[in-house]
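Engineer: Protein chains in written order, with numbering that gives the first Met the number 0: chain A, 0 to 372; chain C, 0 to 365.
Since the hints were derived computationally from the structure, they do not count as laboratory data. Heads up, the beta-carbon is just placed ideally off N, CA and C, and yes, glycines get one too. Careful, some of the hints might be misleading.
[As the list claims (entries may be wrong)] List of simulated lysine to aspartate or glutamate pairs, DMTMM-like, C-alpha gap at most 20 angstroms: (1) A:Lys86 <-> C:Glu96; (2) C:Lys84 <-> A:Glu139; (3) A:Lys32 <-> A:Asp176; (4) A:Lys86 <-> C:Glu64; (5) A:Lys342 <-> A:Asp68.
[Claimed, not checked] Estimated spans, in silico, between C-beta atoms of each pair: (6) A:Asp368 <-> C:Ile238: 39 to 49 angstroms; (7) C:Glu219 <-> A:Thr73: 47 to 57 angstroms; (8) C:Glu219 <-> A:Glu308: 52 to 62 angstroms; (9) C:Glu64 <-> A:Ser132: 13 to 23 angstroms; (10) C:Asp101 <-> A:Ala367: 32 to 42 angstroms; (11) A:Ser132 <-> C:Asn153: 22 to 32 angstroms; (12) C:Ser94 <-> A:Ser132: 21 to 31 angstroms; (13) A:Glu232 <-> C:Asp196: 29 to 39 angstroms; (14) A:Pro298 <-> C:Asn153: 46 to 56 angstroms; (15) C:Asn153 <-> A:Thr85: 53 to 63 angstroms.
[Stated by the list, open to error] Covered, in the sense of this in silico footprint (three residues per stretch, anywhere, with C-beta under 8 angstroms from a C-beta of chain C), are these stretches of chain A: (16) 65 to 77; (17) 355 to 365.
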Amino acid sequence: MKNKILLASACLLIASVMAFTFRSEELPFGMTKGTPEIKSMTSLAFGPEGVLFIGDSKGASVYALNTKDTELVTAAPSVSIEGIDTKLAAMLGTTVDNVSILDIAVNPNSKKVYMAVQSADGTPLLMKLEGDSFAPVSLENVEYASVELNNSPAEDAKDNRGRSLRISSISDLGYSDGKLLVSGLSNQEFSSTFRSIPFPFTDDQDHASLEIFHAAHGRYETTSPIKTFTTAEINGKSYLVASYTCTPLVLFPMEELKSGKHIKGRTIAEMGSGNQPLDILNVKKDGKSYLVMANSNRPVFRVNFSDIENFEGSLTEPVKDNFATEGIDFVSMPLTNVQQLDKIDEGTMIILQRKSNGSLDLWSTDKADYLLR
Amino acid sequence: MKCFSHKIRLCSFHSLIFFVLVFLNSCSQNQEDQLIIVWENDKAIGLEIPKHISMENLEVRLLQEGDRTPMLGSFEETDNGMLFKPLIPFTRGLSYELVSGDKQLGQILIPFPNMEDATPELQAVYPTQDTVPENLLKIYLTFSQPMKEGVALNYLTLLNSYRDTVPGVFLDLQPELWNESRTQLTVWLDPGRIKRDLIPNLEMGAPLENNQGYELMVSEGWKAQNGLELGTGFSKSFIVTQRDSISPNPDQWHITIPKANSRDKLKVDFLEALDYSLLQEVFTLQSEDGQEISGIWELGSEEKAITFSPNDNWKTGNYSIQIESRLEDLAGNNLNRLFEVDLEQPQNQKESTKLKEVSFNINDLK
Numbered sequence: 000m001k002n003k004i005l006l007a008s009a010c011l012l013i014a015s016v017m018a019f020t021f022r023s024e025e026l027p028f029g030m031t032k033g034t035p036e037i038k039s040m041t042s043l044a045f046g047p048e049g050v051l052f053i054g055d056s057k058g059a060s061v062y063a064l065n066t067k068d069t070e071l072v073t074a075a076p077s078v079s080i081e082g083i084d085t086k087l088a089a090m091l092g093t094t095v096d097n098v099s100i101l102d103i104a105v106n107p108n109s110k111k112v113y114m115a116v117q118s119a120d121g122t123p124l125l126m127k128l129e130g131d132s133f134a135p136v137s138l139e140n141v142e143y144a145s146v147e148l149n150n151s152p153a154e155d156a157k158d159n160r161g162r163s164l165r166i167s168s169i170s171d172l173g174y175s176d177g178k179l180l181v182s183g184l185s186n187q188e189f190s191s192t193f194r195s196i197p198f199p200f201t202d203d204q205d206h207a208s209l210e211i212f213h214a215a216h217g218r219y220e221t222t223s224p225i226k227t228f229t230t231a232e233i234n235g236k237s238y239l240v241a242s243y244t245c246t247p248l249v250l251f252p253m254e255e256l257k258s259g260k261h262i263k264g265r266t267i268a269e270m271g272s273g274n275q276p277l278d279i280l281n282v283k284k285d286g287k288s289y290l291v292m293a294n295s296n297r298p299v300f301r302v303n304f305s306d307i308e309n310f311e312g313s314l315t316e317p318v319k320d321n322f323a324t325e326g327i328d329f330v331s332m333p334l335t336n337v338q339q340l341d342k343i344d345e346g347t348m349i350i351l352q353r354k355s356n357g358s359l360d361l362w363s364t365d366k367a368d369y370l371l372r
Numbered sequence: 000m001k002c003f004s005h006k007i008r009l010c011s012f013h014s015l016i017f018f019v020l021v022f023l024n025s026c027s028q029n030q031e032d033q034l035i036i037v038w039e040n041d042k043a044i045g046l047e048i049p050k051h052i053s054m055e056n057l058e059v060r061l062l063q064e065g066d067r068t069p070m071l072g073s074f075e076e077t078d079n080g081m082l083f084k085p086l087i088p089f090t091r092g093l094s095y096e097l098v099s100g101d102k103q104l105g106q107i108l109i110p111f112p113n114m115e116d117a118t119p120e121l122q123a124v125y126p127t128q129d130t131v132p133e134n135l136l137k138i139y140l141t142f143s144q145p146m147k148e149g150v151a152l153n154y155l156t157l158l159n160s161y162r163d164t165v166p167g168v169f170l171d172l173q174p175e176l177w178n179e180s181r182t183q184l185t186v187w188l189d190p191g192r193i194k195r196d197l198i199p200n201l202e203m204g205a206p207l208e209n210n211q212g213y214e215l216m217v218s219e220g221w222k223a224q225n226g227l228e229l230g231t232g233f234s235k236s237f238i239v240t241q242r243d244s245i246s247p248n249p250d251q252w253h254i255t256i257p258k259a260n261s262r263d264k265l266k267v268d269f270l271e272a273l274d275y276s277l278l279q280e281v282f283t284l285q286s287e288d289g290q291e292i293s294g295i296w297e298l299g300s301e302e303k304a305i306t307f308s309p310n311d312n313w314k315t316g317n318y319s320i321q322i323e324s325r326l327e328d329l330a331g332n333n334l335n336r337l338f339e340v341d342l343e344q345p346q347n348q349k350e351s352t353k354l355k356e357v358s359f360n361i362n363d364l365k
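Between the sequences and the hints, there should be enough to build the whole structure, so can you do that?
Structural biologist: Right under this line is the structure:
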């Protein structure tokens with residue numbers, strides 16, 4: 000009997016220890032541990048505490064990955080890598096024409112540079128810059144959360160081989176004030192969706208899907224997909240600064256971006272023909288704030304935010320004049336063929352640029368003060 | 000002396016197919032001593048390295064002049080030796096070497112797939128009709144194989160009637176808009192040039208001009224993901240007609256109502272061509288009690304009509320064709336709104352709804 004009591008006590012003790020030792024760990028941001036099935040990586044953006052948002056256009060989803068890269072680094076690293084595509088190709092065992100860098104994001108805490116890389120066969124990769132080299136970021140057995148974007152009534156529509164026809168492609172991602180902002184475009188309809196998704200993701204999602212109209216010169220009102228965007232404070236008010244596939248730069252008050260509401264933004268500038276906006280940033284240097292925009296077929300543009308603020312009072316009204324020529328002073332920076340742009344800190348940008356000698360270089364602007372002077 | 004052995008073996012192991020084409024430094028190698036490519040879904044995802052090779056200082060590299068960078072990947076011990084899994088699959092048509100220090104232990108070519116059925120073909124270009132409005136917004140290209148992304152504009156050219164290339168017609172959008180299987184590409188004509196009064200439109204004019212003839216050329220050489228190229232070019236001629244500034248109106252479509260107790264096709268004639276890709280998924284058919292009728296929707300000629308073949312015989316009663324309002328015509332006008340609204344013109348205020356509905360009745364007399 001004594002032995003039985005001892006045995007029972009021992010079992011109880013072991014069970015108690017096990018319960019405390021192996022209890023399921025509460026992961027941050029409602030994440031789970033596992034290997035996400037990411038079909039593509041087309042956009043990257045950092046959120047809070049080292050969380051990296053990965054836009055998966057092919058999977059019509061956004062993944063939030065806990066990189067655990069949270070070390071606070073104040074000094075921005077100096078980056079200068081020539082022929083980054085050639086180096087990547089060699090490390091991946093393929094030729095340079097088989098490698099594309101689809102986005103770059105800098106962790107605002109650690110200042111580490113992350114890259115979304117795609118091989119010609121469609122395999123997506125997340126790479127991290129380590130000194131002058133790169134390291135793959137493993138996506139096996141990681142902490143992550145995800146949210147599906149495709150809420151179209153036809154999301155289950157398939158072709159006769161059972162594959163979905165519709166892609167809700169993600170053109171840009173951003174994180175602001177507890178919300179993940181996602182601009183999307185579709186391979187079918189020509190429209191603009193802009194979603195504001197609370198993070199941490201919850202089961203009860205409010206996908207604030209918006210169709211955004213912009214007024215061109217007050218006469219023609221059109222819809223169009225947003226290509227890239229940023230958020231900015233203008234005169235103490237939060238704005239979405241969005242650039243469209245037809246190139247106008249448009250302002251929307253953030254407070255008006257509510258679910259199901261159609262709002263009219265204000266076109267503040269046009270960049271001219273044959274051009275695509277690629278990336279847009281707001282940076283601060285020597286007490287001045289600038290909007291910096293990379294273009295497919297133009298140099299990088301810079302606008303002083305104070306010029307935009309001067310138009311206070313009519314920010315939500317359709318524009319009557321062509322401000323590209325009359326109003327906002329856009330300065331062309333001596334930077335052409337810039338493919339990707341992000342900021343390392345408030346005054347330092349990281350640039351992926353195809354140089355005139357054909358080399359694709361990744362470099363930081365810490366030694367190029369003249370760009371924001 | 001250096002000599003090579005070529006051996007090909009096919010077998011299956013779990014859902015993997017092993018295909019061997021090996022060049023080793025010794026003629027006396029048997030199968031257990033060879034490098035073996037591990038395939039999955041037609042991609043070379045690994046390299047089996049025989050047991051006798053020591054893992055010390057082992058590297059796999061792309062066989063090329065100059066660069067000696069080791070490939071990123073992982074080595075795992077297996078029953079047969081080791082498995083090297085590269086970070087991305089090996090590229091077909093390229094050769095790789097296995098080295099230890101400066102010594103090459105073997106090299107291997109990743110072969111192209113069987114050429115006959117794997118060579119990519121451009122299957123269709125939409126819209127298929129040979130007249131398009133001057134504000135045509137989209138072109139779809141469908142391929143027989145998943146294609147390489149990001150290079151479309153290197154292979155697409157629009158010629159005018161003088162055989163000159165029309166510059167800046169297509170929107171250079173990155174990433175490109177491929178479907179999930181990368182067999183269908185959406186190409187937009189530059190919307191900044193189509194939209195009246197935007198600077199691109201004022202500077203360069205609309206991409207297409209009314210009453211002009213054009214030829215869309217798709218040139219050979221465009222690579223599929225399997226590394227093979229489009230073997231033949233493709234061209235499509237079309238004439239441009241006037242601007243389409245009218246939204247499609249389901250109330251005006253012609254409906255051919257089938258007979259009761261038959262499986263005749265229901266036909267909906269749009270009287271104009273509509274968007275190829277959207278047409279395939281915006282239609283559903285409901286009975287009067289709101290149940291979806293199962294059957295097959297098929298596009299009619301030149302995307303001007305759609306038919307529905309029910310799985311079961313038609314019953315008498317009222318039916319409702321439900322159409323998602325995002326359906327567009329060739330100029331991007333959808334069922335709710337025009338692509339471009341002229342605020343100086345009086346607007347015909349239509350209710351903006353997610354779905355439009357067209358009803359019909361099947362009775363015994365039909």
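Engineer: Indicate, hint by hint, whether the structure satisfies it.
Structural biologist: These are the hints, each one checked on the structure:
1. For the suggested pair lysine 86 of chain A and glutamate 96 of chain C, the alpha carbons sit about 18 angstroms apart, so the restraint of at most 20 angstroms is met.
2. Our distance criterion of 20 angstroms between C-alpha atoms is met by lysine 84 of chain C and glutamate 139 of chain A, whose separation comes to about 14 angstroms.
3. A hinted pair counts as satisfied when its Cα atoms are at most 20 angstroms apart, and lysine 32 of chain A with aspartate 176 of chain A does not qualify at roughly 25 angstroms.
4. Only pairs whose Cα atoms come within 20 angstroms are accepted, and lysine 86 of chain A paired with glutamate 64 of chain C is accepted, the gap being roughly 14 angstroms.
5. A threshold of 20 angstroms between alpha carbons decides the hint, and for lysine 342 of chain A with aspartate 68 of chain A the separation of about 17 angstroms falls inside it, so the pair holds.
6. For aspartate 368 of chain A and isoleucine 238 of chain C, the Cβ-Cβ distance of about 56 angstroms falls outside the hinted range of 39 to 49 angstroms, so the restraint is violated.
7. A hinted range of 47 to 57 angstroms holds for the C-beta pair glutamate 219 of chain C and threonine 73 of chain A, which are about 54 angstroms apart.
8. Taking the beta carbon of each, glutamate 219 of chain C and glutamate 308 of chain A are about 53 angstroms apart, inside 52 to 62 angstroms as hinted.
9. The hinted window of 13 to 23 angstroms between glutamate 64 of chain C and serine 132 of chain A holds, with their beta carbons roughly 22 angstroms apart.
10. Take aspartate 101 of chain C and alanine 367 of chain A: their Cβ atoms lie about 41 angstroms apart, and the range 32 to 42 angstroms holds.
11. At roughly 30 angstroms, the beta-carbon separation of serine 132 of chain A and asparagine 153 of chain C lies within the given 22 to 32 angstroms, and the hint holds.
12. Judged by the Cβ atoms, the range 21 to 31 angstroms given for serine 94 of chain C and serine 132 of chain A holds: they are separated by roughly 24 angstroms.
13. Under the hint 29 to 39 angstroms, the C-beta atoms of glutamate 232 of chain A and aspartate 196 of chain C, about 31 angstroms apart, fit the expected range.
14. For the pair proline 298 of chain A and asparagine 153 of chain C, the beta carbons lie near 23 angstroms from each other, so the given range of 46 to 56 angstroms is not met.
15. For the pair asparagine 153 of chain C and threonine 85 of chain A, the beta carbons lie near 20 angstroms from each other, so the given range of 53 to 63 angstroms is not met.
16. Residues of the region 65 to 77 of chain A lying with their CB closer than 8 angstroms to a CB of chain C number 0, which falls below the three-residue condition for coverage.
17. With 0 residues having a beta carbon nearer than 8 angstroms to a beta carbon of chain C, the region 355 to 365 of chain A misses the requirement of three or more and the stated coverage is violated.
Hint compliance for this structure: hints 3, 6, 14, 15, 16, 17 are not met, and every other hint is.
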